[in-house]
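Colleague: This is what each chain is made of:
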Amino acid sequence: MSFLTLTSIQKSFGPVQVVKDFNMGIEKGEFVSFLGPSGCGKTTILRMIAGFETPSGGTIQIGGTSQENLKPNQRNIGMVFQAYALFPNMNVADNVAFGLKIAGKPKAEIDARVKEMLGLIKLDHLAERYPYQMSGGQQQRVALARALAPKPQVLLLDEPLSALDAKIRVSLREEIRMIQQQLGITTVFVTHDQEEALSISDRIVVMNAGRADQIGTPYEIYNRPSTRFVASFVGTLNLIEAKVVDPATNRITIGDQGITLREPLGAVRAGDTVSLALRPEAGSIAEGAKGDTALSGEVISSNFLGSVIRTRMKVGESVISFDMFNSPGLVPPAVGDVVTLRFTASDLLIIRE
Amino acid sequence: MSFLTLTSIQKSFGPVQVVKDFNMGIEKGEFVSFLGPSGCGKTTILRMIAGFETPSGGTIQIGGTSQENLKPNQRNIGMVFQAYALFPNMNVADNVAFGLKIAGKPKAEIDARVKEMLGLIKLDHLAERYPYQMSGGQQQRVALARALAPKPQVLLLDEPLSALDAKIRVSLREEIRMIQQQLGITTVFVTHDQEEALSISDRIVVMNAGRADQIGTPYEIYNRPSTRFVASFVGTLNLIEAKVVDPATNRITIGDQGITLREPLGAVRAGDTVSLALRPEAGSIAEGAKGDTALSGEVISSNFLGSVIRTRMKVGESVISFDMFNSPGLVPPAVGDVVTLRFTASDLLIIRE
Amino acid sequence: MSIWARIAGWAALIFGLLYFFVPLGGLFEFSLKARRGVYSLDAYASVFADPQFQQTFGYSVIMALVTIVIGILIVVPTAYWVRLKMPWARPYVEFLTLMPLVIPAIVIVFGYIRLYNTSSWLPLTGSVMGTNILLAFGYTILALPYMYRAVDTGLRTIDVATLTEAAQSLGAGWATILGRVILPNVIPAVLSGAFLTFAIVIGEFTLAALLDRPAFGPYLQRVGANKAYEPFALSVIAFAITWGCLALIQLVSRFSKTAPRKA
Amino acid sequence: MSIWARIAGWAALIFGLLYFFVPLGGLFEFSLKARRGVYSLDAYASVFADPQFQQTFGYSVIMALVTIVIGILIVVPTAYWVRLKMPWARPYVEFLTLMPLVIPAIVIVFGYIRLYNTSSWLPLTGSVMGTNILLAFGYTILALPYMYRAVDTGLRTIDVATLTEAAQSLGAGWATILGRVILPNVIPAVLSGAFLTFAIVIGEFTLAALLDRPAFGPYLQRVGANKAYEPFALSVIAFAITWGCLALIQLVSRFSKTAPRKA
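Residue numbers (the numbering used here), protein chains in the order written: chain B, 1 to 353; chain S, 1 to 353; chain A, 1 to 263; chain X, 1 to 263.
Just chain B, with the same shape it has in the complex (with noise of 0.2 Å):
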């Protein structure tokens, strides 16, 4: 059994049923982030997990034990959350000692700890300062030290980032990323920003009105998403509407340009319509290129984005966005031009909801 087993778990509000029979387990030491818009449940989970809400149904199991009949306090749980949430009344030392203190652990001992803490959270030199004397990004490491310092079975991260500026969302996000991997903590992250997700989970659980679309590492989500939603959500995408042509060899039409796709097509019949995905990202313009890897369409728009220029192609109804890396030598397509572009087979991916 994993380290943190959620088993039928499910959560309504009066007549909303916000966690839809969620199961999951999470091994010791992984890091794992709730992806999601806001209301798909992702909170909610990480919250009956501190013990905050109650399930409707289910159990949670920590290390072998059910938490049913523990109160938030008797979890053992650290948690961080989007607001510091430091004690206004009390300076950096004092919040870091907050949880030790409680514990009734003797003086040298929270001394020690709190000074090992602030020196992870690199922060030694502010044990004096108080909350509203530091930065968000230097509160939310404080908020960090404090739920680390004693010692949690596990580490819940609230998203934790929202509130802070890109730029120490950027550095903070890898600065946790690090301390958890050095603990070897198990943590889970909620959050609905789809870089921050990809960028720092061993795994990542997307979740849509209250169940679990797909569950996998970053690169699966990204690559293999298996529902339209999670191709949508995680990443820009274009949404191909294609016409089967010959279900047997796979054959489509996009437009009036025929295409053999390497995955097989599955229970369709010739004339059905199935969507396509293509990344942004994966084509690239060779003119003259032609066959199952390229399709051709005119320019309807030319986007300069700064590192990219996302150009705007019309292949029969449907639009395609591709993006190109800019540099100094590039041209980019003009409006009205006629472009190839091209992929590799396994960039259109069949989306089956």
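Because the hints were derived from the structure by calculation, they are not lab data.
Every value quoted in this text rests on a predicted model; they were computed, and no experiment measured them.
A portion of the hints provided could be inaccurate.
[Unchecked claim] With a cut-off of at most 25 Å between alpha-carbon atoms, the simulated DSS-like pairs for lysine-lysine come out as follows:
no., chain 1, residue 1, chain 2, residue 2
1, S, K122, B, K314
2, B, K151, B, K28
3, B, K71, X, K33
4, S, K71, S, K105
5, A, K85, S, K71
Got chain B; can you put chains S, A and X on it based on the hints?
Modeller: Chains S, A and X in isolation, oriented as in the chain B frame:
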């Protein structure tokens, strides 16, 4: 003379000089973005054009007329605010009609113009709705229609997209640009989002501490940043410290790798340190590449960010990040590998502050 | 959550409710006992038949309306202007409007009597109308904190600065901005302040008694000193009036929540 | 901005200031005139020498302190619990705390007299101590809106729910959370409510007069009816006390802004 001319504009709030001697001419029909961090003075310039702030010095002319003695309600300017600022007691049609009613237009003309404007923003069907019944994106489109209805000379947009969700932000900015080009209205757009500014503008003013660091097209700003601030604020950038070996031949070393720059080094001496900039998207891995357009280093991290994989390698004392588009077949470099990054000669810029 | 903490919370709430309603219930029950042995409305009939009741109540209603008008004229432009152009002055203005809460009404009255007595430059206390004016201004002071707070809260729900600038950029002058943009959006708040003012003036005792005006408060007290059951009936009536005002406030603020102006 | 609008704004502010300070100024000036022809503090000397002044003032101070204690015991746990666990109940509780503003004090007193008279199940009005208790509870009702609002505002400046959860996740129970996390962060708010309560009780007239207790408010009124200069001196003293309380509130809230708990 330009249509909208700002001459020696200064603004102080008490002892703080927020705008320092700003000069610029904006042509009729041009879309100019002011880009910069908060507190750089970009919003203050916009508010001085609108008449909400009085310049401490300098003159503002629109169509050859000095605005000095004109109150905000006499300037014939359309403005869109970050907070939408629709009148909550009026429905959509009344909001759009407000400026026309104030101007005392006949009812038939007002009705026709309101209809035209609602058509332009594609919200004809919501004319009877009240602001609180609409999404943020819809409200902001109504605010745009309201500002445009009285046919203002200049359209001012004060971070109009900042309060919106990421996906709506992208679609609305394209809509704004389309409407602006369709009407040919002179537009000033304030933002702190570099991608927004790059994708929408004819010209960009990068503001820093009350001054314009650089004024140019998006392409110029991104590819030929004139100061270190512009280079680091617009896009992600590697700043590489290099040592001058021979100013005459433009020879430098990065770590122990010698490179001959194409751009002349200028007035430096052997042994001086110069800063070079390299965009993360500029290079690609090419084993065995050598010479003036390649750098080798040890990989210290490789992060999967979704559409791109960002790898960092150490070259001498500098850390260089580079991006590769993710594709299913790609094997990202492993930590500890020694890789060679190849770029083109023009990718390596000298930053001269 | 501990079961004890939960019980404590509910107990506090219930205690709060009892705190108000037990005295009122006793009051009401006793007011019905004017006829021996059975419950009757005799006390109420006697109260309504008293010409003094009608006079004093009518007087207080008129004073309340005058007070409301004065209050709106003072508060609305001040609150708008402070929010728009003098945000630094807000703490001071709030401080000012808080003062009537803590300056005893008696102090205000003595100040007035001293300042406007028959031998002063403006001998207001020398005439009935003058004393009425003094009383109305005294009431305005008493009601000021509630009126100001209500209007200021109303202004807080709209973005005064941005709405003003939006209207300006569309060519509107101050009159248009106030009349067409600001006022329509704070009417519920103004009404709510007006109802509170009404309730306060109807029940006020000290000012009216010391200035010796025939208001409802002193009448209530006089009846209380001299009659057996009528004072309790009167208390119930006074309570019903104030309760009615409160209910109106709730209605207005609920209306304003579903009405467009909330947004 | 039109110059007229600007002038109107300033005029409103100045009018507001005059509204309060002119009567007070007149009051103060007259209180110094006890000795013919020169300004003197004779009236103040006479007031302070009056044993009744000392007795009634002392009585009111004690009642104020008792009221503050009762108020804190009722309000702090209620406000915390409502914010944390019963956010849906907030409008109702706020409504409850608003009621004393609009239920005339007279109604409350009559209710008490009826409920606790000598022939009732709890004959509080039959003894001095009982009447004192009644008065303290009456004062608590009067002060409730201010106390509740102050504490609730204090709780608003901290994120009660998240701080509670953070403390829980670190192993803290309810006692620790209230004592070590919540209370230290709302002490300035509690103090501010306490000072307001103090000022209100010191100046209150109706309740004390109707329950016939030797409080400062009725004494003030008695002196006013019988003496020439002393009432004005007393008014100035009462004003100085309330002003002092207000200044203390300002100090406390300013202190709390720079102190760590603001954050």
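Colleague: Evaluate each hint against the coordinates.
Modeller: Verification of the hints:
no., hint, verdict
1, K122/S with K314/B, "holds (23 Å)"
2, K151/B with K28/B, "holds (14 Å)"
3, K71/B with K33/X, "violated (70 Å)"
4, K71/S with K105/S, "holds (21 Å)"
5, K85/A with K71/S, "holds (16 Å)"
The structure fails hint 3 only (numbered hints given earlier).
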